[in-house]
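Engineer: Using the hints provided, position chain B relative to the given structure of chain A.
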Amino acid sequence: MSVAILFMKTSDDPKKINKTFTNIYSTTPATTPINNTEGMSLLYPSFSVAYNSALLAATHIKVDSWGNRIYFISSIEFDTGYKLRISCAIDVLATYALQIVRRPCTITRYSHMGGKLATPTYIPDSKYPLDTTKYEIVVQNFSDTPFITGASAIANPCYILTTMGGGT
Amino acid sequence: MQINQTIYGLAENWPAYGTYQEGVAATEKLKLACFGFDGETALTDVKAAKENNRYILENPWENSISYAALGNFHPLSNIKYYGRTPSTTADHIALINQDERLTTNFAFGVGGGSGFMPIGIKSDYDWQNWTRERWTNDPSWSNSSNLAEFSPFTAIPIKRVVLIPYIVCNNGSWFDGSGDPSGFALFDLKSYLSGTNKADFPYICQIRIEMAYQTNTGYDPEEGTGTPIRNGSAAMNTIAIMENLSYGNGLTDFNNNEMDNIFKPLITTRGYSGISDTGLTIAGNLSGNILYVAVNTNTFVCPVASGFGLEFDRINNLKIEDYEIQTPYQSYQAFFNCDVSSLTKDEVQEAVRRMVACFGLFFVDGSDDKNELLDSDKMMLGTLDQGVGNGDYTSGLANRSSDQWNMDDVHEIDYDPSNPPEIDPNAYDDGFNFPAAFGLGISGINNRYLLTATNILTLSNALWDFTKNLQPEDVIDNISQTFLTNNPIDLIVSLQYIPVKDISFGQSSAVKLGRLDLGVSATSVLAANTYDCGFITIFPTFGDNWISKNIRIFAYLPFCGTVEVDLEAAMNHDLYLKYLVDTYTGSCTAVLYIINSRKKIVVLNTADGNCITDIPITGIQWETLNANLYNAYQTNKQLKLNTTFGVAKALTGFGSALGAGDLSGAARAGLDVFSGASAAFTAEKISDYNLSHTQIPMRSIGGSSGITSNLLDMNPKLLFYRPIDHGSESFISTEGVACILNGTLEGLQLTGYTEISKIDLNGIAATAAEKDMIRSLLAGGIYV
Numbered sequence: 017m018s019v020a021i022l023f024m025k026t027s028d029d030p031k032k033i034n035k036t037f038t039n040i041y042s043t044t045p046a047t048t049p050i051n052n053t054e055g056m057s058l059l060y061p062s063f064s065v066a067y068n069s070a071l072l073a074a075t076h077i078k079v080d081s082w083g084n085r086i087y088f089i090s091s092i093e094f095d096t097g098y099k100l101r102i103s104c105a106i107d108v109l110a111t112y113a114l115q116i117v118r119r120p121c122t123i124t125r126y127s128h129m130g131g132k133l134a135t136p137t138y139i140p141d142s143k144y145p146l147d148t149t150k151y152e153i154v155v156q157n158f159s160d161t162p163f164i165t166g167a168s169a170i171a172n173p174c175y176i177l178t179t180m181g182g183g184t
Numbered sequence: 007m008q009i010n011q012t013i014y015g016l017a018e019n020w021p022a023y024g025t026y027q028e029g030v031a032a033t034e035k036l037k038l039a040c041f042g043f044d045g046e047t048a049l050t051d052v053k054a055a056k057e058n059n060r061y062i063l064e065n066p067w068e069n070s071i072s073y074a075a076l077g078n079f080h081p082l083s084n085i086k087y088y089g090r091t092p093s094t095t096a097d098h099i100a101l102i103n104q105d106e107r108l109t110t111n112f113a114f115g116v117g118g119g120s121g122f123m124p125i126g127i128k129s130d131y132d133w134q135n136w137t138r139e140r141w142t143n144d145p146s147w148s149n150s151s152n153l154a155e156f157s158p159f160t161a162i163p164i165k166r167v168v169l170i171p172y173i174v175c176n177n178g179s180w181f182d183g184s185g186d187p188s189g190f191a192l193f194d195l196k197s198y199l200s201g202t203n204k205a206d207f208p209y210i211c212q213i214r215i216e217m218a219y220q221t222n223t224g225y226d227p228e229e230g231t232g233t234p235i236r237n238g239s240a241a242m243n244t245i246a247i248m249e250n251l252s253y254g255n256g257l258t259d260f261n262n263n264e265m266d267n268i269f270k271p272l273i274t275t276r277g278y279s280g281i282s283d284t285g286l287t288i289a290g291n292l293s294g295n296i297l298y299v300a301v302n303t304n305t306f307v308c309p310v311a312s313g314f315g316l317e318f319d320r321i322n323n324l325k326i327e328d329y330e331i332q333t334p335y336q337s338y339q340a341f342f343n344c345d346v347s348s349l350t351k352d353e354v355q356e357a358v359r360r361m362v363a364c365f366g367l368f369f370v371d372g373s374d375d376k377n378e379l380l381d382s383d384k385m386m387l388g389t390l391d392q393g394v395g396n397g398d399y400t401s402g403l404a405n406r407s408s409d410q411w412n413m414d415d416v417h418e419i420d421y422d423p424s425n426p427p428e429i430d431p432n433a434y435d436d437g438f439n440f441p442a443a444f445g446l447g448i449s450g451i452n453n454r455y456l457l458t459a460t461n462i463l464t465l466s467n468a469l470w471d472f473t474k475n476l477q478p479e480d481v482i483d484n485i486s487q488t489f490l491t492n493n494p495i496d497l498i499v500s501l502q503y504i505p506v507k508d509i510s511f512g513q514s515s516a517v518k519l520g521r522l523d524l525g526v527s528a529t530s531v532l533a534a535n536t537y538d539c540g541f542i543t544i545f546p547t548f549g550d551n552w553i554s555k556n557i558r559i560f561a562y563l564p565f566c567g568t569v570e571v572d573l574e575a576a577m578n579h580d581l582y583l584k585y586l587v588d589t590y591t592g593s594c595t596a597v598l599y600i601i602n603s604r605k606k607i608v609v610l611n612t613a614d615g616n617c618i619t620d621i622p623i624t625g626i627q628w629e630t631l632n633a634n635l636y637n638a639y640q641t642n643k644q645l646k647l648n649t650t651f652g653v654a655k656a657l658t659g660f661g662s663a664l665g666a667g668d669l670s671g672a673a674r675a676g677l678d679v680f681s682g683a684s685a686a687f688t689a690e691k692i693s694d695y696n697l698s699h700t701q702i703p704m705r706s707i708g709g710s711s712g713i714t715s716n717l718l719d720m721n722p723k724l725l726f727y728r729p730i731d732h733g734s735e736s737f738i739s740t741e742g743v744a745c746i747l748n749g750t751l752e753g754l755q756l757t758g759y760t761e762i763s764k765i766d767l768n769g770i771a772a773t774a775a776e777k778d779m780i781r782s783l784l785a786g787g788i789y790v
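Same order as they appear, the protein sequences are chains A and B. Numbered per this note's numbering, the first sequence spans residues 17 to 184. Numbered per this note's numbering, the second sequence spans residues 7 to 790.
It is worth saying that the hints were derived from the structure and are not from the lab.
Restricting the straight-line Cα-Cα distance to at most 20 angstroms, the calculated cross-link-like pairs of lysine-lysine (PhoX-like) are:
hint : chain 1 : residue 1 : chain 2 : residue 2
1    : B       : 555       : A       : 150
2    : B       : 165       : B       : 384
3    : B       : 777       : A       : 78
4    : A       : 25        : A       : 35
5    : B       : 723       : B       : 584
6    : A       : 143       : B       : 555
7    : A       : 31        : A       : 78
8    : A       : 32        : A       : 132
9    : B       : 507       : B       : 723
10   : B       : 606       : B       : 584
11   : B       : 196       : B       : 384
12   : A       : 78        : A       : 25
13   : B       : 196       : B       : 351
14   : A       : 32        : B       : 764
15   : B       : 764       : A       : 31
16   : B       : 777       : A       : 32
17   : A       : 78        : A       : 35
18   : B       : 351       : B       : 384
19   : B       : 584       : B       : 507
20   : A       : 35        : B       : 777
21   : B       : 777       : A       : 31
22   : A       : 32        : A       : 78
23   : B       : 764       : B       : 777
The shape of chain B in the complex, shown without the other chains:
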């Protein structure tokens, strides 16, 4: 790298190593930048560029000060300024002004002292009013006795540092009664999301980042040899927003009080030592946790940065716009915060990760992960698009595909803070997200059991055999006690066949029908699951040309059919397949997607189907059987009773008739008796028959559906329809290939058959007719 000697003078005149402490002029500090890794407190010192392979400055007014930009959604691009505006009746804290930058230049650095802002605004040095001057034309550095300089880092070795996010949070008890702050805690992101910490401390006041840097020299971050040992903690407590970074009139007249010629930072952030001073604040209250409503101060402004879905628009438990200050004026302490109790842990994690990712460096969730290898699953790397961080990041092996993987220093990032790229605010890529798989296995009301074919047979037999060891008189009582209904089969909702993997959920337990243990064990079933089926690279078989665009691709998706894939979107990408299966209804959705250049998921196709087959099951309808049995028995009993007396009565009549000497009447009566007795006899026999042949009512549960889909290939596939290419070398030699080229035949080194549609013949001393002939011949094809 070239030393920028035109600005800083000859390199040999730069301050030597270790001389920083000895009254080195502020200008000299800017020439020397190193983010050391030898265990020294390099971050509060600057070292000679020449020694020990330290990083040296290059183009310091460009990306060595501000190596990247924060995108539009980052909190520091969206700073809201809340202030106290007096009114006639009461004072309110309300939104006074608001930043919304498409990109925000920033610089890490060292600055500030305890309790003071490291940025000075030309003002009356009333530091409580510092932000009032924020909207003046020329915010500048100041070096009053209360204010310190800001010294930016101008070199950061990408692979030797790791950012760690920290959460300053509160449990809702903001003060301890004496007016001192209480109820605060500080967690790294990983700890905040573990256990009950998030629930116990749902009010986030600040999000900070700490930089851990490598303290030993034995580690090669690219090869992963040696032990990282990133134990050093950057003493940086300041980040400056360096919008419109500009170079002033040179350093010759530079002194500590005139840094406004060099930098024009908008704002710097800092922590608050009263709570914890770990790291830099990148979201929440930027000027510390405490909002002071000062006495005898007309106005004040407090900057609060919100973004990625975390809004710090509450003061303690009140919304900003509802906050009122009692009169007469008093001094208040209040804390801007964001209530995350309604957000899931995943949502909080993703929002914080995206804030950190915008800085384009490696980062982890927890401090105990800072020594992970750079391509481990716990290590993440912010993605930069034209030098702008939009919150995208990679993790694990995907880090190797990032541009920063091949860089040693942030200087190598192609970004110019004085000329940031034009960002289309509508170009921010949200991509698609797939929710995590979830399971639902409820017992006690509705059970779902996952069984094998063998289990089903055992279970089916049990439905018919469960009363075989019972005495008949105990059957009905047993049924009512064992089942919740008189019909055991009514307890079965459905039986389905679903040939899908990995849908088991929970521990194995006995399969029960009501209270009846059916003798098999099974686990419960996930309500739904997602499956990654891998990817297939869509390669332009015929080259990256128009012929490859004649390829057609179809995706065969089991149970979902076949869909045509958009070739233009998929070409030169890995085409991924994911299945989403709902085990309740059997509906399955196949999703085909790619990962675009912004590392976002883009769904190209979806297809729906059903992979469940309903199987009917049968059993005895006991209730009806019992009723039938009872009715038949009662009828039988009654008949028997009636028949006995009836016959006796009839016989008595017969005898009387005979005694009367009227044989015909007697005979008739006898016949009647016989007929009645015969009828009674017949009815009784029929009743006996009916009782012993009481119909057993059956019931079938569940419908049946086709199973033919299960006979097809269960492996999802891509079918590539490729046209037949008859092109040959002789064809190309005599006919050429279609193209659009501009230049000269000599410059393009074209030979062989060539057709030229247009040519500029200026400067050729030929007649008009000759020129026409030239054009005509060239258009018709010539040989060079």
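Same shape as in the complex, but just chain A:
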């Protein structure tokens, strides 16, 4: 059995959904025989290909005949006979990127929406670096007070004398 493999590379984070790939090299089925596949997983396949230095820059492969699955290249080993043994692991995010971004979901953290940086919401966030052990104290006066202060207290009537009587 053999498959055509497209070797690609990307500098995107492995956890990025919409990765941007650059194609490096494409093999043909004739050039990419599959060894005895007993025990080989669809999710973790390995291939033997002829040595090609360009392949050493690849980070991903894509196998169209296997449901357009995209795989991480986990390791590249030099094999005898000028071959390279490529071990891979399924990259589900890249493989199903288009579907994932269109499925309804519940988001619990995000950093950007509509190109704008997110700001804290009404949901309490234990990860957020808010220091509640120290406080900045700001003082604001009300615009008026009923009390007479300072020097005004001397000039203003502030003494109440209560007496009895008051005849003519």
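Structural biologist: This is chain B only, laid out in the frame that chain A set:
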């Protein structure tokens, strides 16, 4: 606005301007509505919608007929039906039935004729029985020869009309002896509450509203340019309660006798031309002032609307349930009324204002205020909550915050009479009220004087110097005449220091102690006063998010201490502070409150303290001094008298003793005499000394209390304790912020770091293991 052509047909086929009078069918009238402001009698006419920027109909079966609803407390939501129920022994007027609606749809309109009800009930046209049919399944319009149509206004320009409340009242003389009504008066609310009108006419029979509309075109109500001139008076004399407003089978088969397919009003109100026909009745007897107990009529029902604390449950001077009708049956005239003699003017004013406010339009207290600008202090605007008026209103600049301020017409009010909002009857917001400041300055028994520090010194000296120009023998008489007691200082109750503004009351007068003028003048003192200290806006410093909820707010309140303010309640509100100060005891209460969305005061915190310092004063205790002086003098006098004779007697004895030749005895006697004389001499000297050194008893009045509170800052403040935010752009970019969002990543336009707790993977052709991997990766955080 879109013309509702699906119901009314094409707009170009509508009747043209001025054709109303020319036999326009009743159906056509409903298509044309305008509340004109060009000085014409537009209210009895309807004009083409297309001309002169008149208001045009939109969704006429919805809020163009009934643009708002009256709330649960309004009198028209609480109509009581009083009737005559024959009994075997006597007839009584009693409560037969009662409405209690959470909301009441209504419509203003033109209708009725002199003496007739503009509502017809399917009956035998005995208009005295019209209300009996009130409880039938299908009350309807009728156009018998005695009854007229009801034509509702379907457009009211909010800023060009003003409602004015009128009070129909009586002075207690209900009839003039001939059986004709007498003792009635009609006042607008402002006039009713001025002078002695309320006291002279304490029985209110009806509360009405008149609508003044703008009659010139040069006034812009929003900009306030030009002169309003709201002199037009709406010829409306009817308000219909339009509960369960429904649209019938269309207008094709509509005619004047079948209006029941279109409207199902419950009741209409009207004035009574016998008293005064000004305006619409919104409280009191809805069918006119007179309750007729008709002859040969088994039953009758009279609707009476009460609310907002004004109960019209009296007939003349009798309570309803006590009223009896004499037999045989006679025709009576009686007037339902509300006795407001026990209510204050403020209470009556507030109750009437709340009734008018429910209509959601501008209103004033007096007719002479109708041309005030829309944001002047005399202009009020009813507040609508989901289209329902609950009696709340704003005034002055606060009118600009009302929804209606930005509307041209009542159509813009978001209310559907066919689907009124569900109102929780317990949600009516009474809010808090602060009483008006009051003062109490009584003279003649107990005087309170407000003095400066300089006055106090002058006064203090006067307490010691008031007798210095008197002769000694006149002192005691003068004291008893000048003061009410022998101890002048007993006339002083207290001297207190209170550093509070604006507590002066009354005119300045001489400060007296008994009858003694102390040489200074002062005003009296208010018993208490309230102070508005302004407000501080509680702004979410970190944004409207959870971080702002970590802010703590403390209020420093002079003399009352520091209290923590409930952040959740105060956030996004203006936090107001009011002080209440009692000048008798010095107790002061600080009140922190907000204004909620219903424009009601909500008190969040109160704190108590004391701002008075007692100052002790001293003076001579004259009574005791006088007693001491008298006693000392009497003792001195007696001693002097006794000593003279005593010495003479002793000397006589001495001589006898010497003559006897017993020198020792004589000597002894002489010594005795000398001793006695010496003793007498000593006692006299002591008495002289005591008299001249009589102790002057002092007295101190008043306690003393700490003054240290006066050394602190006298300005009330808010202290905001804000946590330190170390969040940064790089943190958010790599960790994101907590949220609860639902949707798709693509639809929400999320990019960057994202964590997804749940995702629906239906429709993705992936193996189960792959789907598990997808979920796991998304939950752990990925980059979109």
